[in-house]
Amino acid sequence: MPSTPPPLLIGCGAGFSGDRWDAAVPVVRTLIARGGPAVLMFETLAERTLALAQLQRRQNPAAGFEPTLERFIRPVLADCVRHGIPIVGNFGAANPRGAAACLQALAAELGLGALRVGVVEGDDVLAQLSPDQLAQVRGPRTDAPVSANAYLGAQGIAACLRAGAQVVVTGRVADPALALGPLLAHFGWADDDWDRLAAGTIAGHLLECGAQVCGGYFADPGLKDVPDLAHVGFPVLEVRADGRFVVGKADATGGCVDERTVKEQLLYEIHDPAAYLTPDVVADLSEVTLQTLGPDRVQVSGVRGHARPDTLKTTACFEGGWLAEGEISYAGPNAVARARLAAQVVRSRLAEWAPGLQPVRCDLIGVASLFADDAGTWAAGQDGLEPVGRMQDVQDVRLRVAARASQRSEAEQLTREVLALYTCGPAGGGGVRSAITPRLASESWFVPRAWIKEHWSLL
Amino acid sequence: MTPDTATVPLARLAHGRTGDKGNTSSISVIAYEAQHWPLLVEQVTEARVAALFASRRPTRVTRYLLPRLQAMNFVLHDILEGGVNDALNLDAHGKSLSGLLLTLPVQAPKA
Chain A
1 MPSTPPPLLI GCGAGFSGDR WDAAVPVVRT LIARGGPAVL MFETLAERTL ALAQLQRRQN
61 PAAGFEPTLE RFIRPVLADC VRHGIPIVGN FGAANPRGAA ACLQALAAEL GLGALRVGVV
121 EGDDVLAQLS PDQLAQVRGP RTDAPVSANA YLGAQGIAAC LRAGAQVVVT GRVADPALAL
181 GPLLAHFGWA DDDWDRLAAG TIAGHLLECG AQVCGGYFAD PGLKDVPDLA HVGFPVLEVR
241 ADGRFVVGKA DATGGCVDER TVKEQLLYEI HDPAAYLTPD VVADLSEVTL QTLGPDRVQV
301 SGVRGHARPD TLKTTACFEG GWLAEGEISY AGPNAVARAR LAAQVVRSRL AEWAPGLQPV
361 RCDLIGVASL FADDAGTWAA GQDGLEPVGR MQDVQDVRLR VAARASQRSE AEQLTREVLA
421 LYTCGPAGGG GVRSAITPRL ASESWFVPRA WIKEHWSLL
Chain B
1 MTPDTATVPL ARLAHGRTGD KGNTSSISVI AYEAQHWPLL VEQVTEARVA ALFASRRPTR
61 VTRYLLPRLQ AMNFVLHDIL EGGVNDALNL DAHGKSLSGL LLTLPVQAPK A
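For the record, the sequence lines run as chains A and B.
Residues 1 to 459 in the working numbering are what the first sequence lists, from first letter to last.
Residues 1 to 111 in the working numbering are what the second sequence lists, from first letter to last.
The following block holds chain A by itself, in its conformation from the complex (with noise of 0.2 Å):
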């Protein structure tokens, strides 16, 4: 048996894909300083990000892979080619080999000759679903979806970077198979070395958020107190062989990493913490242990791992209507009546030119919107609980209006009524803003594995 392989360094450039563009260079910097093998990963492909993807490749078979891939890429291509760290991303949305085409010509641009590019695909469930086999699958809704997307796991990224890809390009994978793939493909876990497997999967999910396990969405001042948070780090985790990883960050930046930050990100989108189902095994929290090692170095251990699932989660969308928006705004003595006041102007008026758009919700932002319920019952204290605030004694309100439509036409109706209080409704109303969205509904299908052929090219 060969010696044991080193610990392999993932740093991770982007968490969702309205990351910062500069946050992956101090990443970068860190892992060509601490020297030994690296790998950068990306994640910008959140649920509907990928649909509204695939509608965009339909308008333009050249697009469909995330808009400002350049803008991630650009500032750190050359010296991962330099210096062999590989990235890895989910940013090829619906056109992998579209995102492999704009890196090979970014490539060229900076001088860095030809780029091998692995090209990860197969989570396109409508190509390769029969008729029959899409019946079975199906939930409830009878209309065609816009897309359906399964879960891949990490060996199609493993083997990419097995045959010497400099750039790992997918479309949805599962996103700690994201670190997962490279740590295959660095130490050879055997596919079904489940609490491997599990630690690596869960070294992942520490790094999917970016700097959401470094300080990022994290501060509550004065309570959870995180330094130059405007600079906030982005993490570097160091994997052993043995499962065993230590959680840290970018060399000289803000945000901080304790076990605090690492138990907010561990649970973080857990149901289960003894099952957290992945495409590639199922991980168990219950026994994991922390131990703080240094500054902004926390050690993780005692992940476990089951069998992975027999099946893959699929996420469909469907067309789903529009969002209508419409918000103005009062201050002063009596705010708040005057803000109450409109609200039942504009639901008297819909009721009336709109009936389509029932139900109506009325927020009072400053009083009651984030925690409140479409029905109203937490703002009217129905459930024993009192809205933020003294009603009388505020003095800046800001009324939302919002209701879901079929149809843009309805939706326009919504904003009109609401930008008609200018003239029509009570007295001091100011700062009318808008906003119409499209939007796409989900389901999530389970389909057996042996139904979906995963594939990957060398390009």
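Derived from the structure by calculation, the hints contain no laboratory data.
Computed from a predicted structure; not experimentally measured.
We put the CB at the ideal spot given by N, CA and C, even for glycine.
Incorrect hints may appear among the rest.
[Unchecked claim] If the Cβ cut is set under 8 Å, some of the chain A residues that face chain B in the computed set are:
1. Asp-220
2. His-271
3. Leu-285
4. Ser-286
5. Glu-287
6. Asp-363
7. Ser-369
8. Trp-378
9. Ala-403
10. Arg-439
11. Ala-441
12. Ser-442
Mind docking chain B on chain A? Use the hints.
Just chain B now, kept in the frame of chain A:
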């Protein structure tokens, strides 16, 4: 309440974060100090959390305990009124709901 305890919001003793999946919310509650773990287990119960979120009509509230981390995870089913794809709430993901859970009144030793 005893003379040695006071009623405080849970936010003084614990922190947490909200995640969402479809119409379901998962909210962690993590003790700042290990010494407070037993009282959190005793007082931050499924029933009390369900009552706090009553206006959202949860179909089920499940609490998972991770004693080694002094953390618990609450899963509140069907409280997002449609979730990110369909809710009318400004915060369709329900990301701010950790703030509601952290308002839960608890009896804590006077520090």
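Outcome of the hint check:
no. : hint    : verdict
1   : Asp-220 : 7 Å, holds
2   : His-271 : 5 Å, holds
3   : Leu-285 : 7 Å, holds
4   : Ser-286 : 7 Å, holds
5   : Glu-287 : 7 Å, holds
6   : Asp-363 : 7 Å, holds
7   : Ser-369 : 6 Å, holds
8   : Trp-378 : 4 Å, holds
9   : Ala-403 : 7 Å, holds
10  : Arg-439 : 6 Å, holds
11  : Ala-441 : 5 Å, holds
12  : Ser-442 : 5 Å, holds
Violated hints are absent here; each numbered hint is respected by the structure.
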